[in-house]
Amino acid sequence: MGNPILEIENLRTSFRIKDNYYAAVDDVSLTVKKNELLAIVGESGCGKSALAFSIMGLHSKANVEGNIYFKGRDIANISPAKLNELRGKEMGMIFQDSLSALNPLMIIGDQIDEIIYIHNNKLAKKDRKEKVIDLLDKVGILHPAFTYNQFPHELSGGMRQRVVIAMAIANEPELLIADEPTTALDVTIQSQILDLLKKLKEDIHAGIILITHDLGVVAEMADRVAVMYAGQIVEIADVYTLFENPLHPYTRSLLNSVPNSNVVQSELHVIEGIVPSLQNLPREGCRFSPRIPWVDSSAHEKNPELHEVNPGHFVRCTCYRNFYFPEKSKGDQHHVVS
Amino acid sequence: MSFLEVKNLKVHFPITGGLLGRTIDHVKAVDGVSFSIEKGKTYGLVGESGSGKTTTGRAIIGLNKITSGNVLFDGQDITNLRRSKMSARRDIQMIFQDPYSTLNPKKRVFDIVAEPLRNYENLSKREEKKRVQELLELVGLSPESIHKYPHEFSGGQRQRIGIARAIALKPKLIIADEPVSALDVSVQAQVLNFMQKIQKELGLTYLFISHDLGIIKHMCDRIGIMYKGRYVEEGTPEDIFTNPQHIYSRRLVAAIPDIDPRKREQQLQFRRTVKEEYEQSYNDYFDDKGLAYQLQPVSDTHLVALPGRG
Amino acid sequence: MWKFTVRRIGIMIPQIALLSILIFIMAKMMPGDALSGLIDPSIDPATIEAMRDRLGLNNPWHIQYVDWIKGVIQGDFGQSFRFKMPVTELISQRLINTFWLSLATLILTYLIAIPLGITSGRYNDTWADRLITGYTYVGFAAPLFIFALIMVWIFGFHFGWFPTSGSVKPGLSPGTFEYVLSKINHLMLPALSMALIATVTTVQYLRSEIIDTKQKDFVVTARAKGASESRVYNRHILRNSLLPIAAFFGYEITGLIGGTIFIENIFGYPGMGQLFLESITLRDFSVVTTVVLIFGIASILGALISDIILSLVDPRIRIK
Amino acid sequence: MEAKKIHLPDNTKDTDRSPSGWLIIWREIVRDKLAYASLVFLTLIILFVYGVSLFLDQKEIVTVDLFSIHQPPSKEFWLGTDYGGRDVFGQLIIGTRNSLSIGILVTLMTGIIGITVGLVSGYYGGKIDNIVMRIVDFFMILPFLMIVIVFVSVSPKYTILSFSLIMTAFLWMGKARLIRSKALQETELDYVQASKTLGSSNLKIMLTQVLPNLSSIIIVSMTLNLAANIGLESGLSFLGFGFPESTPSLGTLVSYARNPQTLEFRWWIWLPASLLILVLMLSINNVGQALKRATDARQRRG
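As they're listed, the protein sequences go chains A, B, C and D. In terms of the working numbering, the first sequence has 170 at position 160, counting the first letter as 1, and numbering is strictly consecutive. In terms of the working numbering, the second sequence has 197 at position 184, counting the first letter as 1, and numbering is strictly consecutive. In terms of the working numbering, the third sequence has 65 at position 62, counting the first letter as 1, and numbering is strictly consecutive. In terms of the working numbering, the fourth sequence has 222 at position 220, counting the first letter as 1, and numbering is strictly consecutive.
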């Protein structure tokens with residue numbers, strides 16, 4: 011796999027709501043190696059997008075604490091000019107909503123041209139255009155020279171996502187962050203985009219962070235997986251371990267709550283309660299404990315930490331040891347009691 | 014005899030243009046769809062965006078005007094029946110996709126759930142309140158929350174309020190248009206399980222519209238796949254998932270990511286084969302406008318849109 | 004692009020037709036007609052009636068309308084009975100005066116709006132923004148005529164910096180440098196008064212547009228590309244917010260027309276607005292009709308220009 | 003599983019009625035000091051003006067008194083007199099009352115027409131909407147002021163009522179356009195579709211489902227319109243095409259300044275009225291803007 015190109019230590023990203031700050035990303039540490047695809051999976055509001063934005067330095071510095079080492083250099087605490095040299099060149103980002111991620115009043119060609127120009131203004135306009143057309147071709151756009159002059163709204167969702175990808179890989183970055191790159195797309199388009207990402211991974215040898223809520227996408231794409239819940243990473247493992255031997259109650263519940271096309275389930279597992287909103291996050295103890303009330307409270311740690319249970323397999327909190335799924339019979343009697 | 018029967022349903026939307034807003038062309042959102050649903054079963058309608066699945070559901074309940082074709086419900090023709098004569102229609106209700114826009118933000122939960130009751134049943138204030146509270150309990154919300162506004166609830170809870178409203182009149186058929194697409198995975202499971210439970214308890218029939226094949230497979234007894242306003246294949250989950258016949262269905266099935274990382278290579282291979290096959294035999298499966306042919310039976314339960322004979 | 008323009012012009016034609024009908028109806032509602040001014044007790048009523056017949060004034064209304072339109076197309080707007088001259092001659096100088104006033108106002112409007120809007124939008128929630136927002140608050144509420152009166156009172160009468168009536172100092176011959184200077188001098192205060200009020204909506208629009216655009220996803224994309232903050236502003240935020248503003252100026256014309264009526268009246272500036280008020284007070288209705296028609300068409304053309312610019316600037320509109 | 007009832011995450015008791023939208027808006031306004039002050043000021047002005055004018059004799063005030071022409075402010079005439087020797091202060095009070103009344107009247111009339119047309123047009127959409135909007139667009143482009151002046155000067159029996167009707171006739175379009183575009187947006191939302199499937203009639207949906215969701219925009223735009231209409235009325239009166247001559251109006255008082263002598267030397271005639279118009283419009287706008295912010299904030303939270 012190679013050396014880590016990204017190492018994050020104790021990252022904390024907070025947002026201000028009214029008069030208080032709330033941490034959307036709390037105590038996150040992880041590494042990404044060259045040639046490796048790390049998937050970050052979680053439900054909406056778990057902080058996965060805030061994490062991606064923090065790595066790219068897209069949140070105001072005042073909101074971000076901790077260290078982010080990119081190729082050994084702490085990019086959480088460098089000047090904006092230095093950061094701009096890295097962004098778009100050595101670090102690329104693919105956004106979720108391709109329609110809003112592209113400037114509606116600018117042709118596709120100019121938008122990709124811009125990222126090349128910013129990092130290499132010595133290249134002649136003509137050469138840049140050639141390069142842009144090559145890039146469009148590489149991401150599977152059928153008529154690159156024509157698309158060069160089109161506006162974003164003239165393309166289909168799938169085509170636009172390809173443009174966004176072309177932009178992200180234009181300068182062959184060493185780290186690529188893809189924030190839900192296929193969520194807005196139809197399944198058949200999704201599979202095409204995922205295949206494209208796989209191909210690019212082999213081509214540019216970058217480290218990739220793939221952010222998604224879709225466990226199927228994770229199973230298909232990832233080398234390693236980090237599961238996030240309520241701003242924290244609750245489990246990290248390589249993809250096979252995670253799917254075959256998940257330990258954290260949240261990971262296990264999540265895997266059980268998805269309709270699985272391989273097995274017939276009469277009923278899906280339901281995670282009780284709701285995903286807490288940023289202001290209502292439990293700040294102490296195991297953040298998942300309110301959703302598994304049947305597990306004895308003594309099973310949780312006071313200050314849950316990530317434990318390395320097997321080499322490379324980390325789990326937060328000790329509650330996984332005592333976790334079990336409640337018996338089914340408990341489920342169906344609710345509206346009798348009131 | 015089938016409970017809901019849709020015969021050669023067409024919904025065409027005019028495209029207007031020019032100075033006087035003349036009709037230049039039509040979008041054939043639904044273009045000759047026939048299927049039937051049996052009582053107490055769940056029928057799944059799958060397709061990608063623009064396939065016409067949602068329009069089909071909306072046409073059945075009367076939200077889109079039917080251009081031609083018939084909808085028979087419990088033996089009665091309800092095609093384009095005006096809403097003012099909806100007493101025949103109270104048996105069909107709908108669950109919508111977006112939990113945020115489906116509830117009027119200015120109304121309290123009580124008024125939202127009571128709306129259908131006020132339209133069809135003359136209840137006293139007290140009876141009405143009792144009914145609403147019962148319904149809320151049925152969907153697992155505390156009956157005391159009737160004076161709250163929708164924005165005080167989470168997505169899953171709102172979707173349950175929508176369901177409470179839909180079952181208030183004790184309907185027989187529920188059209189569920191992507192009921193869980195906007196929800197998180199864990200909340201999806203809550204709503205899906207809940208839908209199955211009330212189906213048993215109230216003897217409901219579902220028309221379940223979704224783009225998610227995994228959910229469709231989990232929920233449905235029979236599945237229809239739509240593409241550009243037409244059916245390409247119809248059958249039992251078994252037929253569709255283990256023996257898809259139409260090239261489009263096969264492509265759709267191949268596109269679902271497998272949840273087992275060990276099958277990754279196999280899946281990729283499968284997808285490549287299907288893709289090649291799709292490109293090669295596209296013209297065999299679609300007419301010169303890129304539309305599907307008429308459905309032909311290939312077994313007792315399985316129909317596929319194949320060229321020829323029709 | 005061409006398709007859009009042609010379609011948009013297609014919408015304009017019925018608008019102009021509708022306008023002409025409206026004005027014709029107004030003209031018919033006005034007491035008296037082209038001969039009322041001539042009335043002279045010594046002329047036999049029967050003769051006048053005969054003249055009416057000859058001029059077609061007793062024809063059914065639709066024939067009269069067609070006659071009127073024919074005249075208008077040929078540039079014949081009839082006679083002003085007060086000034087005893089063809090309306091066309093009467094308005095030409097006034098039209099030029101109003102044109103300069105409007106142009107100066109438009110230029111000033113944008114000269115004020117763009118820097119203020121940009122400052123306020125880019126540095127929102129700073130003291131500069133609060134100051135500008137305060138100004139727009141007051142400017143939005145202040146009626147033009149009151150503001151203009153106070154301007155004349157202070158700068159015209161009290162300080163005597165600017166002339167308080169007319170469009171040029173009498174006695175200067177056209178073409179000389181002094182003449183031009185005097186013209187500009189007479190133009191400044193009215194144009195500035197109008198611009199200071201008219202610019203407020205543009206400042207507000209620009210400010211909110213910039214604040215909106217700042218939060219757009221494509222701005223995040225630009226930052227992720229490694230674009231410097233100044234590049235993000237110049238190439239993405241300002242460009243995207245200023246373009247729609249460019250299209251506004253056509254719509255400003257309608258507003259300007261209302262403005263000139265007040266401004267020309269208060270500053271005694273001999274333009275169309277003043278002519279309009281004079282003629283309506285003097286019941287010189289052929290002049291009134293002409294002024295309304297010209298201003299109506301100017302407004303319709305302004306809207307046309309705005310829409311076309313907008314379609315040039317925003318590719319999404321062209322498609323529809 | 004979904005076994006237990008899901009209790010809401012907040013700390014309020016379930017039995018509490020959540021505060022209604024209006025209550026929240028009211029709280030926001032009270033918190034906004036400038037707007038609150040404006041509201042208090044407006045209320046006082048309205049009470050004062052309508053109260054005092056009950057005791058003033060309009061006939062007496064508008065009667066010309068040649069012995070007291072152009073008097074500066076004094077004990078007898080608090081704000082002096084005009085060229086007809088009429089008490090400026092009395093005219094100011096009655097003028098304010100008249101201007102406010104006509105502003106409110108025109109705002110209500112344009113509101114009713116605009117809301118009705120906009121709601122129907124936006125709700126039904128399609129052909130009707132197309133035609134209505136074309137007409138509205140046309141009238142919106144027209145040079146409003148000129149056309150109103152022409153109608154005012156040619157209308158045969160000119161009264162306050164005909165003046166407000168003429169204003170209304172050319173002012174409802176803006177409101178119609180605004181309401182229509184909002185109604186169109188709302189109608190596309192699922193809750194309207196849901197109401198249809200639940201058996202509610204179109205009229206019922208329009209009035210009980212869509213209209214409440216337009217209420218905040220209606221109240222905001224009506225407030226801002228009120229200010230604009232007072233400005234328009236005084237502007238027209240200033241030009242001499244507003245209120246009939248015998249009826250005092252703020253604009254008429256300002257129009258005395260068209261006489262350079264008055265403008266330059268007799269500030270007491272026109273300046274109080276000018277400032278009053280300015281302050282009135284500022285206060286009403288302040289309240290309107292605060293309402294706008296409050297409703298925006300609420301939508302964000304919702």
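Worth flagging that the hints you see were computed from the coordinates, not collected in a lab. Treat the hints with care, as some may be off.
Capping the alpha-carbon separation at 25 Å, the derived lysine to any residue pairs in SDA-like fashion look like this [said to hold, decoys possible]: (1) D:Lys198 to B:Arg102; (2) B:Lys41 to D:Lys294; (3) B:Lys120 to D:Arg260; (4) C:Lys217 to D:Gln291; (5) A:Lys71 to C:Arg238; (6) D:Lys35 to C:Lys219; (7) D:Lys294 to C:Gln218; (8) D:Lys129 to B:Pro27; (9) A:Lys211 to B:Arg102; (10) C:Lys219 to A:Lys211; (11) C:Lys6 to A:Ser166; (12) C:Lys186 to D:Arg260; (13) C:Lys219 to A:Ile117; (14) A:Lys136 to C:Asn237.
Cross-check of the supplied hints:
| no. | hint | verdict |
| --- | --- | --- |
| 1 | D:Lys198 to B:Arg102 | 11 Å, holds |
| 2 | B:Lys41 to D:Lys294 | 42 Å, violated |
| 3 | B:Lys120 to D:Arg260 | 54 Å, violated |
| 4 | C:Lys217 to D:Gln291 | 22 Å, holds |
| 5 | A:Lys71 to C:Arg238 | 23 Å, holds |
| 6 | D:Lys35 to C:Lys219 | 32 Å, violated |
| 7 | D:Lys294 to C:Gln218 | 20 Å, holds |
| 8 | D:Lys129 to B:Pro27 | 12 Å, holds |
| 9 | A:Lys211 to B:Arg102 | 54 Å, violated |
| 10 | C:Lys219 to A:Lys211 | 29 Å, violated |
| 11 | C:Lys6 to A:Ser166 | 23 Å, holds |
| 12 | C:Lys186 to D:Arg260 | 22 Å, holds |
| 13 | C:Lys219 to A:Ile117 | 17 Å, holds |
| 14 | A:Lys136 to C:Asn237 | 23 Å, holds |
Of the numbered hints listed earlier, those contradicted by the structure are 2, 3, 6, 9, 10.
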